[in-house]
Amino acid sequence: MSLEMLQNVWFLLIAVLWIGYFVLEGFDFGVGILLPFLGKNEAERRTIVTTLGPVWDGNEVWLLVAGGATFAAFPEWYATLFSGFYLPLLLILVALIIRGVAFEFRSKRGSATWRKRWDAAIFVGSFLPALLWGVAFANIVEGVPMIKNPAGGSLYDGGFFNLLNPYALLGGLVTLTLFVTHGAIFLALKTDGEIRVRANKTAGQVGLVAAVLAVAFGLWTQFANSNNTVVSWVFLIVAVVAWVAALGANRLGREGWAFIFSSVTMLGVVSFLFACLFPNVMPSSTVAEATLTIRNASSTEYTLTVMTWVAVILTPIVLIYQSWTYWVFRKRLSPSQIPNPEKGSLDLPHEVSV
Amino acid sequence: MNALDLARWQFGITTVYHFLFVPLTIGTSMLVAIMQTAWVRTGDEKWLKATKFFGKLFLINFAMGVVTGIVQEFQFGMSWSDYSRFVGDIFGAPLAVEGLASFFLESTFLGLWIFGWDRLPKKLHLATIWAAAIGTMLSAYFILAANSFMQHPVGYTFNPETNRAELIDFGAVLFQNTTVATFFHVIASAFLVSGVMLVGVSLLLMMSGKAADAMRKSLTVGIISTIIAGIAVMYTGDVQAKIMVQQQPMKMAAAEALYETQENAPFSLITIGNLDGSEAYWAIDIPGLLSFMATGNWTGPESTVQGINNLQAEYEQKYGPGEYAPYVPLVFWAFRAMIGLGMLGVLFALFVWWRTRKGKLPSGRWLKVAAGSALLFPLIGISAGWIFTEMGRQPWIVYSLMKTEAGVSPTLTTTQVWISIITFTLLYGALAVVTVGLMIRQVKIGPPESDQLETADANSGQPLTFSY
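Protein sequences, first through last, are from chains A and B. If you're matching positions, the first sequence starts at 16 in my numbering and goes up one per residue. If you're matching positions, the second sequence starts at 45 in my numbering and goes up one per residue.
Please note that a few of the clues may not be correct.
[Unchecked claim] The following residues of chain A were derived to be distant from chain B, with all beta-carbon distances above 10 Å:
#1 31
#2 87
#3 255
[Claimed, not checked] Straight-line alpha carbon distances no greater than 16 Å define the calculated EDC-like cross-link-like pairs of lysine to aspartate or glutamate that follow:
#4 358/A x 57/A
#5 404/B x 257/B
#6 488/B x 366/A
#7 55/A x 357/A
#8 346/A x 367/B
#9 488/B x 362/A
#10 166/B x 89/B
#11 447/B x 367/B
#12 131/A x 57/A
[To be verified] From the structure, some residues in chain A lie toward chain B, with a derived Cβ separation under 10 Å:
#13 51
#14 67
#15 77
#16 81
#17 104
#18 112
#19 164
#20 238
#21 242
#22 245
#23 248
#24 279
#25 363
By construction, these hints were calculated from the structure, which means they are not laboratory data. It should be emphasised that the depicted structure is a prediction, and the values quoted were computed from it without experimental measurement. Note that beta-carbon positions come from the ideal geometry of N, C-alpha and C, so glycine has one too.
From just these sequences and the hints, can you work out the full model?
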């Protein structure tokens, strides 16, 4: 393959990794945000967290691989983006840290304070990234102030609050509400009893808010920031149609279909954003020459070729065993399956819980 | 402090902290897999108890390793973007492969292992912990290949047009002798750390009379692991030292604070003095040992070890004016802490073996204290090893190619990095307290009783054996 072809392939592959991330961690952010609202008692809260138990860590790896792939395939993009978005990324890191350990630690002790604190960590740790990934992508698509570094490379030339402009915040609300809905649909699919009913209702309500926000953001982006209007229209329409189908299926109580369609929406949304960008990866809103594209930000032909082989061989294997996990844990969970929900697995004998 | 110094401190703090969990994850996942295999093959319930108990300790540790690991991948871009630009063509590749080949494997199969006790057939369930354990080893391999490139860059060419290093031979990066030697040294150390953990915790529980028969099994596994790993650590360390002398002679000179090139160079076990090349006040030296470690010869011209002053002069000729020696006292002491604390771990395992042989059960308050704190020694030792490796490479970030000061993000402000370093330090400190607290609880509770081992079939709607 020619260098240009390889650069296109890697742009596509990174989009695919973000699709995987939005589809998978998208729902577990949503579930984390909904935990305090949909879980009315300990048994229910533990049921909700257990739906994520076997899968959240594997879902998060999509982010790590997206990061690693960006580093390997487009080092200039990785360097400029990560150093430029320093503080938002710090917030995301803190969120992901407290959230990950919270899943693991919350039920270790029965103490109500202990669990409340970790539940707060799960909520905040899910809420912040769900919002901030939207903010980050909106900024990338719209373009941020950038300059050329005389010593080589492009540099972000703005502060933290530049990133919190109205357009980007709208983008943040879009991912937030989409993920909450996606998470509610997942919960309705994976649980039984009252949580399932509540989750179903929540998905319907938040889903409508998400639809309004997403259409507004989508049209704004389409008209203001798309480099490939035809392709981006197609993905925008795919996302919208799939969302309507997802909400319809949710209303009919067809949870499996609802989840498939909301996943297609995630695919549509990420593809839409990447279609708007191509061939840019990080457009500059100020100095035009500072814009990073797949041509000036990429690795060499040799590196891209090696990495293509690796991706071609490993990705299908990963997809097979990760799908298998979902198959193994396909059964619905109900609060009655949680033995002694109030008891912590590491409560000491004298700490008799209520 | 300026942004560069702070960024270095931050990288040091977050990396050392992350690496407290890494060796325990690598070693313990495999030791748990071995104990579970013993259970599946013999059907002896004692093995199952030990598996479940150490499995739980392992998972508390694993969660911390995962979340602190994300920081590492992001930090290259956040704080070290010029480094990332310069080596991205080479360094990004093993990182991406690590994610694709091993993070998915570890995380997915560990999820299956934790929640799959009552859902998967026994042998398939056993296979999941092996898959996760192999994943951790693969992960170590790729990240060490990336690190080895920083110690000894190979398989690249410098492109003056783009002003960056470009990959020309990925095989050379993956399979150069630095990578291979480092991998085996790190893996052996991981088994040493985990082995000592098994020995200490098992002994503590045996002495408290909790599931003593099951803990005697894990004690044996721990002792064997520590002793074999101890021998392997020495052997691989020796191989690595000889490679290092070829590739980074300055690091070896700094490790001994050897200022003048000499034959029959001594190794000092302990030195009281200021290590700046002036005469030490007092030291215990073993003549020729440094020469032997570095070259395999005790005396004669072939035992010559180059000194800091000579290397400094040589590098000034080669790379221009500048300071080419690392901070000698730190490197000197880190090198000794690595060897000494690691070997203390091995001695502890040997001592415990002696005291518990033929079914004996030792007692004594001090032995309990030792058992409870034994893990700290090899764990601090392995951290010291990394501090030695990384600080000994300074002033380079990529040896002979790029200096650390040139790698920092040009946009990084002091305020930014102060915010992040304080955030990470406080957060990591708080999490350390929680994690250690939970591990102590787990040890106090001990292995499960026989009646807690039953597993129902989760797919039948029965209560779950394990839930979050």
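So, going through the hints one by one against the coordinates:
no.	hint	in the structure
1	31	12 Å, holds
2	87	3 Å, violated
3	255	32 Å, holds
4	358/A x 57/A	10 Å, holds
5	404/B x 257/B	12 Å, holds
6	488/B x 366/A	13 Å, holds
7	55/A x 357/A	13 Å, holds
8	346/A x 367/B	63 Å, violated
9	488/B x 362/A	10 Å, holds
10	166/B x 89/B	14 Å, holds
11	447/B x 367/B	11 Å, holds
12	131/A x 57/A	10 Å, holds
13	51	15 Å, violated
14	67	8 Å, holds
15	77	9 Å, holds
16	81	9 Å, holds
17	104	6 Å, holds
18	112	4 Å, holds
19	164	6 Å, holds
20	238	31 Å, violated
21	242	24 Å, violated
22	245	31 Å, violated
23	248	32 Å, violated
24	279	23 Å, violated
25	363	6 Å, holds
In terms of the numbered hints stated before, the structure departs from hints 2, 8, 13, 20, 21, 22, 23 and 24, listed from lowest to highest.
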